[in-house]
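Colleague: Spelled out, the chains give:
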Amino acid sequence: MKYLFLLYGPDGPLPEPGTDEAAAMYERWSAATGPMAQAGVLIDCAPVQPASASTTLRVRNGEVVLTDGPAAEIKEHFGGFTLVQCADLDEALKWAATLPTAADGSIEIRPVISVSPG
Amino acid sequence: MGANPPGTGAEADQLGAILRDHWWAAVASITRRTGDLEVAEDAVQEACAAAVTQWPRDGLPPSPSAWLITTAWHKAVDLMRRDALRATREAEAAQEVAGGLADPAGRAGQPIEPEGASGAVGDDELALIFACCHPALDPAVRVALTLRSVCGLTTAEIAAAFVVPEPTMAQRLVRAKRKIRQAGIPLTVPRLDALAGRLNAVLRVVYLVFTEGHRAAGDAGLIRAELCDEAIRLARQLCLVLPGEPEVAGLLALLLLTDARRAGRTAADGSLVLLADQNRALWNAGQIAAGERLVEAALRTGRPGPYQLQAAIAACHSTAASAEATDWRQIAALYRELVRYEPTPVVLANQAVAVAMADSAEAGLAILDQLASQGRLDRWPQLHIARAELLRRLGRRGDAAAAYELAIAAGPPGLPAAERDYIASRMADLATG
Numbered sequence: 001m002k003y004l005f006l007l008y009g010p011d012g013p014l015p016e017p018g019t020d021e022a023a024a025m026y027e028r029w030s031a032a033t034g035p036m037a038q039a040g041v042l043i044d045c046a047p048v049q050p051a052s053a054s055t056t057l058r059v060r061n062g063e064v065v066l067t068d069g070p071a072a073e074i075k076e077h078f079g080g081f082t083l084v085q086c087a088d089l090d091e092a093l094k095w096a097a098t099l100p101t102a103a104d105g106s107i108e109i110r111p112v113i114s115v116s117p118g
Numbered sequence: 001m002g003a004n005p006p007g008t009g010a011e012a013d014q015l016g017a018i019l020r021d022h023w024w025a026a027v028a029s030i031t032r033r034t035g036d037l038e039v040a041e042d043a044v045q046e047a048c049a050a051a052v053t054q055w056p057r058d059g060l061p062p063s064p065s066a067w068l069i070t071t072a073w074h075k076a077v078d079l080m081r082r083d084a085l086r087a088t089r090e091a092e093a094a095q096e097v098a099g100g101l102a103d104p105a106g107r108a109g110q111p112i113e114p115e116g117a118s119g120a121v122g123d124d125e126l127a128l129i130f131a132c133c134h135p136a137l138d139p140a141v142r143v144a145l146t147l148r149s150v151c152g153l154t155t156a157e158i159a160a161a162f163v164v165p166e167p168t169m170a171q172r173l174v175r176a177k178r179k180i181r182q183a184g185i186p187l188t189v190p191r192l193d194a195l196a197g198r199l200n201a202v203l204r205v206v207y208l209v210f211t212e213g214h215r216a217a218g219d220a221g222l223i224r225a226e227l228c229d230e231a232i233r234l235a236r237q238l239c240l241v242l243p244g245e246p247e248v249a250g251l252l253a254l255l256l257l258t259d260a261r262r263a264g265r266t267a268a269d270g271s272l273v274l275l276a277d278q279n280r281a282l283w284n285a286g287q288i289a290a291g292e293r294l295v296e297a298a299l300r301t302g303r304p305g306p307y308q309l310q311a312a313i314a315a316c317h318s319t320a321a322s323a324e325a326t327d328w329r330q331i332a333a334l335y336r337e338l339v340r341y342e343p344t345p346v347v348l349a350n351q352a353v354a355v356a357m358a359d360s361a362e363a364g365l366a367i368l369d370q371l372a373s374q375g376r377l378d379r380w381p382q383l384h385i386a387r388a389e390l391l392r393r394l395g396r397r398g399d400a401a402a403a404y405e406l407a408i409a410a411g412p413p414g415l416p417a418a419e420r421d422y423i424a425s426r427m428a429d430l431a432t433g
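Order-wise, the sequence lines are chains A and B.
The first sequence begins at 1 in the working numbering and counts up one residue at a time.
The second sequence begins at 1 in the working numbering and counts up one residue at a time.
Since the hints were made in silico from the structure, they are not lab data.
Where is the CB? At the ideal position from N, CA and C, for every residue including glycine.
Treat each hint with caution, since some may be false.
Unchecked claim - Here are the simulated lysine to aspartate or glutamate pairs, EDC-like style, with alpha carbons at most 16 angstroms apart:
#1 K94/A - D193/B
#2 K2/A - E76/A
#3 K2/A - D44/A
#4 K2/A - D88/A
#5 K179/B - D88/A
#6 K94/A - E76/A
#7 K179/B - D58/B
#8 K179/B - D90/A
#9 K179/B - D138/B
#10 K179/B - E108/A
#11 K2/A - E63/A
#12 K2/A - D104/A
Unchecked claim - Not close to chain A: a few residues of chain B, all C-beta gaps over 12 angstroms, as computed:
#13 P62
#14 K179
#15 P190
#16 D193
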């Protein structure tokens, strides 16, 4: 089963590449995603652009309605995702809890619907 | 029961009791075979309906449990065939039928015989209750789902217990069952490394089933007493299957000791009787002794926990010959330990009452006043009732009456009718005496 971890943390730009801050962040994430990759559960993991770059789309009465910004105004913003392949929710929860965002933000675990062509 | 037997009388009651006894094992077994709690529950429901018409006519089958599971399994296969959207599961089920009852868990060739046939709880039953109590489900729905899937109460009964309309409860239950399937909540007993955390969630649900039943009875009095019995039955079975877990024994002890006082808790007119004023002769001495033995054995393992401590406190109350003879020092000490596990305002308030009894009303009142000043318990009527009792004992009649007023202002929904009546009588005493 595939699970998408939606990583919610404080909004703001990522540290500048090449800085000590960026290196430290990279290390923290590698410490979590390395073992996930070794265990064969990690499919992909990436940050996304800040909430200010986001657009929320809804279709109402056949019309596309766009909103500037994220869907809800909260202190935490959707900041990235991790896609994993796990046996069940317990295994997914176990790995999600190892990610840095679990400590300073929150992670929404969404089961991915597998859509097969045809 | 899921399928209410037609007519009334001892025979129908007996049939209902038999069906309920086998409900958990049947739902658990079909859930494992189909991987779908929703299908399993519908199938067992249909099997129970079939039993209600067939058993009185053809006589009780040699093994009612095996009959129910076999019948439910055929119903489940039918249900899955009808559901075109679940093509994959249907293929698995068809394969299972063709392959002589092979199943995904690899128990191929095993005859349809419930592991719980002897009355003991098997892995399937444990797996089911762990799934119903999974922390990924909303806490309130865990209790309702356990009552439905494990205990076999009808949706109408559960709706009545929670005082919500039946369609609302039905929708909550369906949503929870879908979440179990869609989110991939495991239908297996948790691995050892996750067992402790998951077990806490299960014990919490069993405890909540009990407290839901133990709250002062209103119109739904009968159902509420039944909830207490269900909680004790669940705790007993968990105890049998997890004998190495002292908190499970602690929970069973707590429920037995609290339930033992049931008959003394309400007066003939249905009004609430406070612990100190209860007729101790009405308490169930055998149940108190059993609870006491359990909690002592659990504490001897040297792995204390909140349920064992609460049971020890309940034992102090239940074994005292009179309210005056209660060992309040011991109770205050136990509350001090309990605060380490559960530093909630409610536990602190109870500790304050114990301190008031062990040391002085002033000492207890000081703790309660501090809690009250933090404002976190404004909507918890018991805090104001406790303050009022201590103020009354200190002769501060005006302050006591004001505290009772606050208790009434705080509820409902926090304050059951029986407790409102009790406060009214206390206030009348203050006004006249």
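Colleague: Hint by hint, say whether it matches the structure.
Modeller: Results for each hint:
1. With a C-alpha separation of about 11 angstroms, the suggested pair K94/A and D193/B falls inside the 16 angstroms cut-off, and the hint holds.
2. A distance of roughly 24 angstroms separates the Cα atoms of K2/A and E76/A; the hinted pair therefore is violated under the 16 angstroms criterion.
3. For the hint pairing K2/A with D44/A, the CA-to-CA distance comes to about 11 angstroms; that is within 16 angstroms, so the pair holds.
4. The hinted pair formed by K2/A and D88/A meets the criterion: a straight-line CA distance of about 9 angstroms does not exceed 16 angstroms.
5. Taken as a hint, the K179/B and D88/A pair is honoured in the structure, with Cα atoms around 12 angstroms apart against an allowance of 16 angstroms.
6. Using a Cα cut-off of 16 angstroms, the hinted pair K94/A and E76/A is violated, with the two alpha carbons roughly 22 angstroms apart.
7. Taking the CA atoms of K179/B and D58/B, the gap is about 40 angstroms. The hint is violated against a cut of 16 angstroms.
8. For the proposed pair K179/B and D90/A, the alpha carbon gap of about 14 angstroms is at most 16 angstroms, so the pair holds.
9. For the hint pairing K179/B with D138/B, the CA-to-CA distance comes to about 10 angstroms; that is within 16 angstroms, so the pair holds.
10. With a C-alpha separation of about 14 angstroms, the suggested pair K179/B and E108/A falls inside the 16 angstroms cut-off, and the hint holds.
11. In summary, the hint linking K2/A to E63/A is not supported, as the alpha carbons are separated by about 32 angstroms, beyond the 16 angstroms threshold.
12. Proximity of K2/A to D104/A is assessed by CA-CA distance (about 24 angstroms); at most 16 angstroms being required, the pair is judged violated.
13. Distance check on P62/B: its Cβ is at least 37 angstroms (rounded) from any Cβ of chain A, clearing the 12 angstroms threshold; non-interface status holds.
14. In this structure K179/B is not separated from chain A by more than 12 angstroms, as the shortest Cβ-Cβ distance comes to only about 9 angstroms.
15. A beta-carbon of chain A is positioned within 12 angstroms of the beta-carbon of P190/B; the least distance is around 7 angstroms.
16. The non-interface label for D193/B is inconsistent with chain A: the shortest C-beta to C-beta separation is roughly 9 angstroms, within 12 angstroms.
Hint compliance for this structure: hints 2, 6, 7, 11, 12, 14, 15 and 16 are not met, and every other hint is.
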